[in-house]
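Q: Each chain is listed here by its residues.
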Amino acid sequence: MIASTLITGLGLGAMYGLLALGFHVTYAVSKTVNFSQGSSMMFGAVMGYTFGVTLGWPMPLAILAALVCCALLGLAIERFVVRPFVQRGSDLWLMATVAAGIMLENIVLFTFGKEPRSLPSAWADEAIEVFGAGAYPLQLAIPVVGIGIALLLTLVQTRTKIGKAMLATVQRSDAARLVGVNTRTVIAASFAISTVFAGIAGLLIAPLFNVSASMGTIFGIKAFAAAILGGITSAWGVVIAGVLYGCIEALTTAYLGSSYTQIVSFSMVILVLVTVPNGLFGTAGLKKV
Amino acid sequence: MKSYGIRSLLTRRIALAGMAAAGILACINTAQAADPIKIGLIASLSGPSAKSGEAITRGMTLAITEINDAGGVLGRPLELIRRDDEANPGKGLIAARELIQREGVTVLFGGLQTPVSLAIVPYVNQIQVPFMGPWAAGTPITKNGADPNYVFRVSAVDEIVGVALVDRAVSVHNAQKPGLMLINNPWGESNEKALIAALAAKGMPNAGIEKVEAKDVDVVPQLTRLKEAGADTIFMVANVGPSAQVMKSLERMGWDVPVVSHWGPAGGRFSELAGPRAKTVEMIQTFTFSGNDNPKADEKLTALKALFPEIKSAADVTPAVGIANAYDAMHLTALAITNAESTDGPAIRDGFYAIESYDGMIKTYEKPFTPEQHDALGPNDYVFTRFIDGEIIPID
Chain A
1 MIASTLITGL GLGAMYGLLA LGFHVTYAVS KTVNFSQGSS MMFGAVMGYT FGVTLGWPMP
61 LAILAALVCC ALLGLAIERF VVRPFVQRGS DLWLMATVAA GIMLENIVLF TFGKEPRSLP
121 SAWADEAIEV FGAGAYPLQL AIPVVGIGIA LLLTLVQTRT KIGKAMLATV QRSDAARLVG
181 VNTRTVIAAS FAISTVFAGI AGLLIAPLFN VSASMGTIFG IKAFAAAILG GITSAWGVVI
241 AGVLYGCIEA LTTAYLGSSY TQIVSFSMVI LVLVTVPNGL FGTAGLKKV
Chain B
1 MKSYGIRSLL TRRIALAGMA AAGILACINT AQAADPIKIG LIASLSGPSA KSGEAITRGM
61 TLAITEINDA GGVLGRPLEL IRRDDEANPG KGLIAARELI QREGVTVLFG GLQTPVSLAI
121 VPYVNQIQVP FMGPWAAGTP ITKNGADPNY VFRVSAVDEI VGVALVDRAV SVHNAQKPGL
181 MLINNPWGES NEKALIAALA AKGMPNAGIE KVEAKDVDVV PQLTRLKEAG ADTIFMVANV
241 GPSAQVMKSL ERMGWDVPVV SHWGPAGGRF SELAGPRAKT VEMIQTFTFS GNDNPKADEK
301 LTALKALFPE IKSAADVTPA VGIANAYDAM HLTALAITNA ESTDGPAIRD GFYAIESYDG
361 MIKTYEKPFT PEQHDALGPN DYVFTRFIDG EIIPID
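Protein chains in written order, with the numbering used here: chain A, 1 to 289; chain B, 1 to 396.
Take the hints with a grain of salt, since some may be wrong.
Claimed, not checked - Facing chain B, according to a computed beta carbon distance under 10 Å, are these residues of chain A, among others:
| no. | residue |
| --- | --- |
| 1 | THR8 |
| 2 | MET15 |
| 3 | ALA141 |
| 4 | ASN210 |
In case anyone wonders, no lab produced these hints; they're calculated from the structure.
Treat the numbers as computed from the prediction; the structure is a model and nothing was measured.
Cβ coordinates follow ideal geometry from the N, Cα and C atoms, glycine included.
Work out the full structure: start from the sequences and follow the hints.
A: This is the structure we're talking about:
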């Protein structure tokens, strides 16, 4: 039982981690969070289905096109939903991003249709045996992709010019502007990266689940829980917390029964926040007095 | 003289007022005669269960077309007014209030979702407007404890379905210790009670009761618990999405166990979503167009094709239960209004009890409703089916 449960937990958890990484990227750069991450994930899956199945494009091209659409969505969210409020020093971007997610869901409901669809994938056709348990290759690929993206993000943040620009924007945005960093572009790029991560998560989960306008909501909520659990300031922290959250969900279901899953997993989030307010791997921000 | 003058003046005024009132009344009566009798429908018209709302709409529309072509009810045409409950009990109740209070519907029809119907039932009993259930099978919908009870149903009933599922599992699959996989909502609870009671009646144990959420991606942990507890058959009670996830997870586990299901998977694209295992599910239904030897089935399928050009074959009228239940329920409702000779709720309720016989699409109903029995379908009206290439086919 343990092998099949951990395969389930790792797959789901890595997906929560990938979405949570999107929350981290925007928070790290601009101290804002895109609460429409769940809807962005759905958008990635829907665009992938539209290009790959409805229009019949080759799947690699369909995936690329879907991720470009996700990036454009992220830029639009930053420009029209977040920036106007941040410029006024208002925190209403929070509600605005929630509203944008609901709007997106309803637009997709009208255009894509009311019924869920199945996104075919050769990686989710036949199960293979891993440690005596059945698993689709795609389930094993999700943690690899999640950890790979976290690694890539860490390398970009620490080893590249744009990463250093992002770091400068976080630490002293005024000073960063003075030395020539275009902070506005950096923040916009962080939103585009965030929605691309959500799109990747959507494209990975769709063949195992289905594609529908309402598919992202619950994932968005759980991913935010993972981001808080891990400490939203730490890239590795949110990914590890996502995997941890997924495994705890699966283990609770397997050993205590499905009636206890949500009770145990959300109790754990509350317990961690009470004992470690900045999350498992997060750091407290400096408060100047 | 003066008194005569006043009397004649009063008489003239009274006569004029009387004529005016008579004229207004005549106008009102004429308007009433022309005004349609409004029938409300609250069902899932969007989301994963949208096909169920479409099926109920088609069945009701076909019946209403036939009734109106034959002169309507009480000399008035019937008009269908629909609202989307979005599978949400709160939205369903708001829609019920709006349809009854603002639109003035005479009878309200419900949809697929038991939780939505359960939210509406106390309200219709309180406001004394008849409610007809053409799909949701939760036992407490009709057996709601209200007196008087304004809720009627032409559909399956969970407590009877539970007996039928257990009988099927024992007689066909020789089940000794079945496991239960139920949706985590009031419909699942209703079936948990029904299945446990049916198993207890046969002196059988169960391997466990597991819950599936509407958005569960992977239900391997729940199924693994049932497998390790020795389940030899799975009773599945869930709508299309979660049922599909159960079948995908079974496929992933490589666990070849018989699945005997309530009719939840019939509400959408189950074949597409559940993958290769979809066709192995044995699913209870009250009606199918395919393999039906009742001549009315062919006749009504032809009528549906004429009314809805997008219907080309029996595969396009899946799920057929929604259409057939709604069609028969609408005709029975029209008979109840005719018996009542008014659109008054209590009179229509008595009108349902006064129906003697009706030759419907599912069967010939004899005295379908009594004050003690508000469900028109019984255990003999069920049939087991499989979903093959998008079409629901009877097994036997």
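Q: For every hint, state whether the structure bears it out.
A: Tested hints:
1. For A:THR8, the interface hint holds, the least distance from its beta-carbon to any beta-carbon of chain B being 5 Å, beneath 10 Å.
2. Hint status for A:MET15 relative to chain B: holds, with the closest Cβ pair at about 8 Å, below 10 Å.
3. Nearest Cβ of chain B to the Cβ of A:ALA141: about 15 Å, over the 10 Å cut. The hint is violated.
4. Nearest Cβ of chain B to the Cβ of A:ASN210: about 5 Å, under the 10 Å cut. The hint holds.
When each numbered hint is compared with the structure, a violation occurs for hint 3 only.
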